[in-house]
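Once you have looked at the hints, place chain B on chain A.
Number of protein chains: 2
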Amino acid sequence: MALKHTVQAADPLSKARACRIELERGVIETPVFMPVGTFATVKTLSSIDVDNLGAQIMLGNTYHLMMRPGPEVFKRVGGIHNFMNWKKPVLTDSGGFQIFCLPNSRKITEQGAIFRSYTDGKLILLSPESSIEMQQAINSDIMMVLDECVPSTSPLEELKRAMELTHRWALRSLAAHKHQHQSLFAIVQGGTDLKLRQTSAQFLTQHPFDGFAIGGLAVGETKQEREDMTEVATELLPKDKPRYLMGVGTPVDLLEAIRRGVDMFDCIIPTKHAQQGVAFTSNGKVNLVRSVYKYREDKLDSACDCHTCENFSLAYLHHLVKCKESLGWRLLSIHNTRYYIQLMKETRASILEGRFMDFYNQKIAAISVTDTELEGTSGILLPPALFQSKSRYGALTSSEGFEAASVSAVVESSESSLV
Amino acid sequence: MALKHTVQAADPLSKARACRIELERGVIETPVFMPVGTFATVKTLSSIDVDNLGAQIMLGNTYHLMMRPGPEVFKRVGGIHNFMNWKKPVLTDSGGFQIFCLPNSRKITEQGAIFRSYTDGKLILLSPESSIEMQQAINSDIMMVLDECVPSTSPLEELKRAMELTHRWALRSLAAHKHQHQSLFAIVQGGTDLKLRQTSAQFLTQHPFDGFAIGGLAVGETKQEREDMTEVATELLPKDKPRYLMGVGTPVDLLEAIRRGVDMFDCIIPTKHAQQGVAFTSNGKVNLVRSVYKYREDKLDSACDCHTCENFSLAYLHHLVKCKESLGWRLLSIHNTRYYIQLMKETRASILEGRFMDFYNQKIAAISVTDTELEGTSGILLPPALFQSKSRYGALTSSEGFEAASVSAVVESSESSLV
Numbered sequence: 001m002a003l004k005h006t007v008q009a010a011d012p013l014s015k016a017r018a019c020r021i022e023l024e025r026g027v028i029e030t031p032v033f034m035p036v037g038t039f040a041t042v043k044t045l046s047s048i049d050v051d052n053l054g055a056q057i058m059l060g061n062t063y064h065l066m067m068r069p070g071p072e073v074f075k076r077v078g079g080i081h082n083f084m085n086w087k088k089p090v091l092t093d094s095g096g097f098q099i100f101c102l103p104n105s106r107k108i109t110e111q112g113a114i115f116r117s118y119t120d121g122k123l124i125l126l127s128p129e130s131s132i133e134m135q136q137a138i139n140s141d142i143m144m145v146l147d148e149c150v151p152s153t154s155p156l157e158e159l160k161r162a163m164e165l166t167h168r169w170a171l172r173s174l175a176a177h178k179h180q181h182q183s184l185f186a187i188v189q190g191g192t193d194l195k196l197r198q199t200s201a202q203f204l205t206q207h208p209f210d211g212f213a214i215g216g217l218a219v220g221e222t223k224q225e226r227e228d229m230t231e232v233a234t235e236l237l238p239k240d241k242p243r244y245l246m247g248v249g250t251p252v253d254l255l256e257a258i259r260r261g262v263d264m265f266d267c268i269i270p271t272k273h274a275q276q277g278v279a280f281t282s283n284g285k286v287n288l289v290r291s292v293y294k295y296r297e298d299k300l301d302s303a304c305d306c307h308t309c310e311n312f313s314l315a316y317l318h319h320l321v322k323c324k325e326s327l328g329w330r331l332l333s334i335h336n337t338r339y340y341i342q343l344m345k346e347t348r349a350s351i352l353e354g355r356f357m358d359f360y361n362q363k364i365a366a367i368s369v370t371d372t373e374l375e376g377t378s379g380i381l382l383p384p385a386l387f388q389s390k391s392r393y394g395a396l397t398s399s400e401g402f403e404a405a406s407v408s409a410v411v412e413s414s415e416s417s418l419v
Numbered sequence: 001m002a003l004k005h006t007v008q009a010a011d012p013l014s015k016a017r018a019c020r021i022e023l024e025r026g027v028i029e030t031p032v033f034m035p036v037g038t039f040a041t042v043k044t045l046s047s048i049d050v051d052n053l054g055a056q057i058m059l060g061n062t063y064h065l066m067m068r069p070g071p072e073v074f075k076r077v078g079g080i081h082n083f084m085n086w087k088k089p090v091l092t093d094s095g096g097f098q099i100f101c102l103p104n105s106r107k108i109t110e111q112g113a114i115f116r117s118y119t120d121g122k123l124i125l126l127s128p129e130s131s132i133e134m135q136q137a138i139n140s141d142i143m144m145v146l147d148e149c150v151p152s153t154s155p156l157e158e159l160k161r162a163m164e165l166t167h168r169w170a171l172r173s174l175a176a177h178k179h180q181h182q183s184l185f186a187i188v189q190g191g192t193d194l195k196l197r198q199t200s201a202q203f204l205t206q207h208p209f210d211g212f213a214i215g216g217l218a219v220g221e222t223k224q225e226r227e228d229m230t231e232v233a234t235e236l237l238p239k240d241k242p243r244y245l246m247g248v249g250t251p252v253d254l255l256e257a258i259r260r261g262v263d264m265f266d267c268i269i270p271t272k273h274a275q276q277g278v279a280f281t282s283n284g285k286v287n288l289v290r291s292v293y294k295y296r297e298d299k300l301d302s303a304c305d306c307h308t309c310e311n312f313s314l315a316y317l318h319h320l321v322k323c324k325e326s327l328g329w330r331l332l333s334i335h336n337t338r339y340y341i342q343l344m345k346e347t348r349a350s351i352l353e354g355r356f357m358d359f360y361n362q363k364i365a366a367i368s369v370t371d372t373e374l375e376g377t378s379g380i381l382l383p384p385a386l387f388q389s390k391s392r393y394g395a396l397t398s399s400e401g402f403e404a405a406s407v408s409a410v411v412e413s414s415e416s417s418l419v
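Chains as they are written, first to last, in this note's numbering: chain A, 1 to 419; chain B, 1 to 419.
With the rest of the complex left out, here is chain A (with noise of 0.2 Å):
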């Protein structure tokens, strides 16, 4: 079975919501953040780490996961659930964010988006059909559709070409959905322009997607032009179906979104900042790289249940970032997790119990004083110039782009001998 969505209650003041997403491998209670799993594993944690963090799903890379371990991997060990030993839903995104980030490596066409594996030089043809090939290797319960992602400020024309190529490709990714039992949901374009958005969502919702999400934000405009964009969208997405702002955002930002009626959320946001040294708390972030805390008895967030902030100081937390262990890394990990996803639980309750509005009020209060810094990196998974250095290979010419469109629309596996 695809999806089942309830919507439990819907904040009288805003456009808030409580839903329930009843898919085969559990219930998912929103509004929910999906910790991201790029690599089959989100950074430092487990499967077993993640469930118990109170985790309802978890988000998978297509891209990534096309590079390593490769699809046969997934086909003969039985999906990424297995693979991982994640017994929870998954979604997969469609790849098109991360070709987005290869701006000198990639050609897009009709046809898809060529570019060079770096784990092998080889090049390959991210198709709508080879992207919905993959999932369904990877046998996620959501699957994306393969978008144009360009960035957001971008010339009206540009805006509008993207977006219209990300329709053809939806359909055609709708096309090439077979199984049953993983849903499908399309990708609301349109950059920063408020008619290309509306024009975007009056398309995709005409056609029988399981969910809809808004893509193309975080990567370029401003908050304010992120919340319009996104308040355009929801107002024009159908109530009875799940709504998805991608790769956002700070925990201000999540609270924005649900204000503006957005069910899911995805973001490395809390993993990365925790590679840097920086927590969120009830009181605000946290820079833990700060020697103020060398000292620092008591525990980093005085509200939180999580792992970290029941066993450890702020001083051993402060220790561990100085000396760049990895233990740090994890252990700031597991709590920003915990806390993104304890205020999405908390957010839930508030919306059920019809406060909503006071509770979103009350915390962008008592968080936003030093999250405000974050503003504009919220959302890139990976950036463009660091991403790319991960390559061997240089960029594509253009002669190569077009052979490798012109052949078959195989996804190639990065490994396939065994040595």
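Wrong hints could be hidden among the right ones.
[What the hints assert, rightly or not] DSSO-like mimics (lysine-lysine), calculated; alpha carbons at most 30 Å apart, straight line: (1) K299/B to K88/A; (2) K88/B to K324/A; (3) K122/B to K223/B; (4) K345/B to K88/B; (5) K75/A to K122/B; (6) K299/A to K75/B; (7) K272/A to K272/B; (8) K88/A to K324/B; (9) K324/A to K122/B; (10) K324/A to K87/B; (11) K272/A to K195/A; (12) K15/A to K160/A; (13) K160/B to K285/B; (14) K285/A to K324/B; (15) K178/A to K88/A; (16) K75/B to K285/A; (17) K272/B to K324/A; (18) K324/B to K15/B; (19) K88/B to K299/A; (20) K75/A to K299/B; (21) K75/A to K285/B; (22) K87/B to K299/A; (23) K223/A to K363/A; (24) K345/B to K4/B; (25) K122/B to K122/A.
By construction, these hints were calculated from the structure, which means they are not laboratory data.
Remember, predicted model here, so these are calculated numbers, not experimental data.
Just chain B, lined up with the frame of chain A:
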């Protein structure tokens, strides 16, 4: 109280023995492996993890802990146990071995070793007295005397000079040792010279140390030389005190030393090999980088009860190692550390049941197929080259060395100011 030591069983066919060491913070049953918590964390693991793995005692490195977090933190928070939330015993080394790893940026005088802090470039004098002072601040349960560790294959004159200095430093350490709840171990030196080893053991055992370590091995000699020196040292060490072989080694090395009468071990091999994707199993060493594991749905070691083996497949571990995910390092650290602890537990049972040599023969046959490749890497905490690359500061000039030696023997805190 200092430690209380009881021999519970002695193997009839070898010098292997099972002992019980009582300390204020817990009982240690030997043979025992002590995971190395360099910076107050066993790499990738928290104190809770190490406890769950069944460790009875953890090792801390005085040299590193002196740099970070520094003595002041330990004084303020009440020692390493509170700092890292570890309730069981801790053994601290003296810093001597790490100083040995800095051949171009330290100077040894009668007073002690002078070196530059790698955190702020300040000159630090590590003397027998300042090492004990630091270990008292750390508040470890077992302290080690400062020794001069030279390459085990140095010329006889050099080995003799270093041994005699080590003896004078041992007596100064004993004099500086004030806290009766802490125990103090001396270190037998003498390189690969049988007579010097005997002289060293005879000298040190005349003084009221609580236990004796065999130092200066696993630093250049052959496996046979190491085993001969171990044999000669244990021959002369008192039966009623613990014997500790510092920095050794592979699983086979441990069995060889136990056969020769050693009770206690520490080594970074379990976590260091984990970082490189190498695991120890009941069938020998496994290199998870190899693509032969790509599709293997079975577990790493069917005889292992660790969290990793109970939850994850070879295919998943191979994938994490290939992706250089820190979770791979962690899951293999969990497995390898558990492997060492379980090996010591099984070895102890065989001694208590009078069947050690059968156990030894069976184990050596089962695990040394691949294990021999590890020879020569055991015991080096940090390779000197790697170690030195951590310092932003140059080598000592001779005048700097003498200046520092002539000033007071105070351990400088590396980060005393708050920012």
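Comparing the hints with the structure gives:
For the proposed pair K299/B and K88/A, the alpha carbon gap of about 22 Å is at most 30 Å, so the pair holds. Taking the CA atoms of K88/B and K324/A, the gap is about 25 Å. The hint holds against a cut of 30 Å. Between K122/B and K223/B the CA atoms are separated by roughly 38 Å; this puts the pair beyond 30 Å, and the hint is violated. For the hint linking K345/B to K88/B, the alpha-carbon distance of about 17 Å falls within 30 Å, and the restraint holds.
A distance of roughly 57 Å separates the Cα atoms of K75/A and K122/B; the hinted pair therefore is violated under the 30 Å criterion. A threshold of 30 Å between alpha carbons decides the hint, and for K299/A with K75/B the separation of about 19 Å falls inside it, so the pair holds. The suggested pairing of K272/A with K272/B holds, with an alpha-carbon distance near 25 Å, which does not exceed 30 Å. Distance restraint check for K88/A and K324/B: the Cα-Cα separation of roughly 25 Å lies within the 30 Å cut-off, and the hinted pair is therefore satisfied.
Taking the CA atoms of K324/A and K122/B, the gap is near 21 Å; set against the 30 Å cutoff, the hint holds. Restraint check for K324/A and K87/B: satisfied, since their Cα atoms lie roughly 24 Å apart, inside the 30 Å limit. A C-alpha spacing of about 34 Å is found between K272/A and K195/A, which places the hinted pair above 30 Å, so the restraint is violated. Distance hint between K15/A and K160/A is fulfilled; the C-alpha atoms sit about 28 Å from each other, no more than 30 Å.
For the proposed pair K160/B and K285/B, the alpha carbon gap of about 38 Å is over 30 Å, so the pair is violated. Taking the CA atoms of K285/A and K324/B, the gap is about 29 Å. The hint holds against a cut of 30 Å. Proximity of K178/A to K88/A is assessed by CA-CA distance (about 21 Å); at most 30 Å being required, the pair is judged to hold. For a cut-off of 30 Å, the pair hint linking K75/B to K285/A stands: about 29 Å separates their Cα positions.
For the hint pairing K272/B with K324/A, the CA-to-CA distance comes to about 16 Å; that is within 30 Å, so the pair holds. With a C-alpha separation of about 43 Å, the suggested pairing of K324/B with K15/B is violated against the 30 Å cut-off. A hinted pair counts as satisfied when its Cα atoms are at most 30 Å apart, and K88/B with K299/A qualifies at roughly 22 Å. Restraint check for K75/A and K299/B: satisfied, since their Cα atoms lie roughly 19 Å apart, inside the 30 Å limit.
Taking the CA atoms of K75/A and K285/B, the gap is about 29 Å. The hint holds against a cut of 30 Å. A hinted pair counts as satisfied when its Cα atoms are at most 30 Å apart, and K87/B with K299/A qualifies at roughly 18 Å. With a C-alpha separation of about 18 Å, the suggested pairing of K223/A with K363/A holds against the 30 Å cut-off. With a CA separation close to 20 Å, the supplied pair K345/B and K4/B stays within the 30 Å bound.
Taking the CA atoms of K122/B and K122/A, the gap is near 51 Å; set against the 30 Å cutoff, the hint is violated.
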